[in-house]
Amino acid sequence: MQLGFVIDHSRCIGCHACTVACKSENDVPLGSFRTWVKYTERGEFPTVERSFAVLRCNQCSEPPCVTICPVGSLDKRPDGIVDIDPQTCIGCKSCMHGCPYDALHLHAEKGIAQKCHFCAHRVEIGLAPACAVVCPTEAIVPGDFDAPQGPLARMAGEHELSVRKPEALTGPNVRYLEAAPAGLDPNQAVASGGYLWAVGPTGSHLAAGDFEALEAAQARARTTYDVPRSEAWGSKITGYLFAKSVAAGIFPAAALATGAVPGPLANAAALAFLSLTGLLLVADLKRPERFWRILVHPNWDSWLARGSFLIMVYGALLTGWLVAELLGWEPDGALASAGGLATCVAAGATAAYTGWLFGQARGRVLWMKRGLWLDLLAQAAVAGSALLLLVQPALESDPAAVERLEGLLELGLLAHLFALMVEGRLAPKGRETEYARASRLVSHGPYAHRYWLGGIAVGCALPLALIALGLPLPAAACALVGLWISEDLFVRAGQALPIS
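Residues in the sequence shown are numbered consecutively from 12, following the working numbering.
Incorrect hints may have been included.
What the hints assert, rightly or not - Label-pair ranges, simulated between beta-carbon atoms: (1) R240 to G350: 15 to 25 Å; (2) L306 to A209: 40 to 50 Å; (3) P147 to D90: 43 to 53 Å; (4) L338 to K440: 46 to 56 Å; (5) R381 to G182: 21 to 31 Å; (6) L306 to D90: 41 to 51 Å; (7) G331 to W303: 15 to 25 Å; (8) R240 to E336: 18 to 28 Å; (9) L138 to G54: 48 to 58 Å; (10) G182 to L385: 39 to 49 Å; (11) A345 to K440: 37 to 47 Å; (12) S241 to P192: 46 to 56 Å; (13) D409 to W311: 38 to 48 Å.
What the hints assert, rightly or not - Below are the BS3-like pairs computed for lysine-lysine, each with C-alpha atoms no more than 25 Å apart in a straight line: (14) K34 to K247; (15) K87 to K104; (16) K121 to K87.
FYI, nobody ran anything at the bench for these hints, they're computed from the structure. By construction, the Cβ of each residue, glycine as well, lies at the ideal position given by its N, Cα and C atoms.
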């Protein structure tokens with residue numbers, strides 16, 4: 012059984028009755044939407060064509076929101092409905108990025124994710140979803156796609172139906188009849204020029220839309236009405252990425268520089284930044300008091316859950332080295348080598364896992380770039396070696412160790428610079444068009460000055476030049492500043508373009 016909708020746009024009049032009925036039936040808060048009507052227009056005055064698109068959760072056959080949720084709050088029911096358990100959601104917002112259709116919102120007061128659930132409470136007592144009941148033209152047709160004699164199977168057999176973003180490989184179960192392609196595919200419309208009856212995009216969303224309108228080589232449709240969207244992840248996630256890079260880089264960098272297990276100061280610094288990483292993750296949750304659910308009810312398909320345990324393993328190993336130092340126990344030989352190697356592997360996994368987590372965010376195609384985990388390893392090498400270089404004068408480090416740190420910093424900078432320069436060619440398979448839009452925003456659009464001046468010039472080229480001139484301390488400082496800029500740009504640019 013697979014419940015879903017066919018939305019007949021030969022009948023839709025864009026009246027928003029479905030939106031109002033949904034908000035009333037499900038007590039959807041002001042400013043949030045489970046279903047909404049998007050307006051697009053094509054042409055120039057006086058020959059302008061306006062089209063409507065009724066958008067909502069697609070009750071996917073392979074729902075990415077279920078996969079990415081770290082605590083299993085989202086689930087696909089036997090009837091095909093994808094629903095959220097409000098008692099277990101921790102408000103991490105990962106599902107919002109996992110959805111390619113922008114179908115989830117965060118309830119500001121409850122701090123939990125919400126979405127269209129096909130009015131499951133009505134379906135269970137034999138009633139149709141509220142949006143279908145209220146539609147004055149019967150444009151919204153609910154039913155079971157697996158019922159061979161049902162209305163959806165009949166419409167699928169008689170008409171050519173389209174779906175949103177088939178390239179995302181989610182198996183959407185909302186299908187459209189005679190819908191304008193620009194309403195279903197955000198690649199075919201630009202959000203620029205203002206909205207009808209509503210405040211249009213602001214901030215980064217407005218800048219992205221204006222840039223795209225100027226860039227368009229051919230006339231695109233214009234989005235003239237849509238619901239408001241905002242960044243779900245912001246400075247706390249940038250801080251998490253930066254702190255994790257430093258934490259993951261310190262132990263391996265110190266081990267490489269000294270040729271031995273790092274001392275207590277390096278271990279303590281790594282543990283401090285790792286603790287900050289965890290604190291920022293918890294602080295970004297809208298229901299932080301429920302964080303414990305990741306530990307006792309993890310969804311092992313989610314890299315957010317897996318990553319939490321990787322952080323704990325790395326933290327436990329660092330703590331073990333510190334305790335051993337305090338007790339005066341100094342392991343040597345094979346035991347020290349094995350322990351040091353295990354800690355380095357844990358550090359590398361801690362640095363890299365976010366690449367696979369972002370790969371599960373199918374709604375943010377820029378974050379899905381191929382090889383991101385390798386770039387995160389390079390960033391950890393930059394962060395760890397740079398921080399150690401900054402503090403080494405106070406520690407009176409061995410000149411040979413300092414030289415090895417400089418070499419590691421140089422290697423990390425070169426790898427990170429390479430990843431930045433080829434970013435436009437790292438599109439995930441099947442999402443090349445959408446990825447090209449996001450990547451061009453970074454290299455030539457409203458983020459270009461931060462990309463070229465901050466990420467590449469200050470973050471990579473200048474430190475490499477300073478190392479060549481024998482100035483490792485300024486090089487390390489520039490590298491850390493540039494790394495923060497690069498990571499913050501990546502987080503924000505990934506959310507700038509509309510995905511619905």
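Of all the hints given earlier, name the ones this structure violates by number, lowest first.
Checked against the structure, the hints that fail are numbers 1, 3, 6, 8, 9, 10, 12, 14, while the rest are satisfied.
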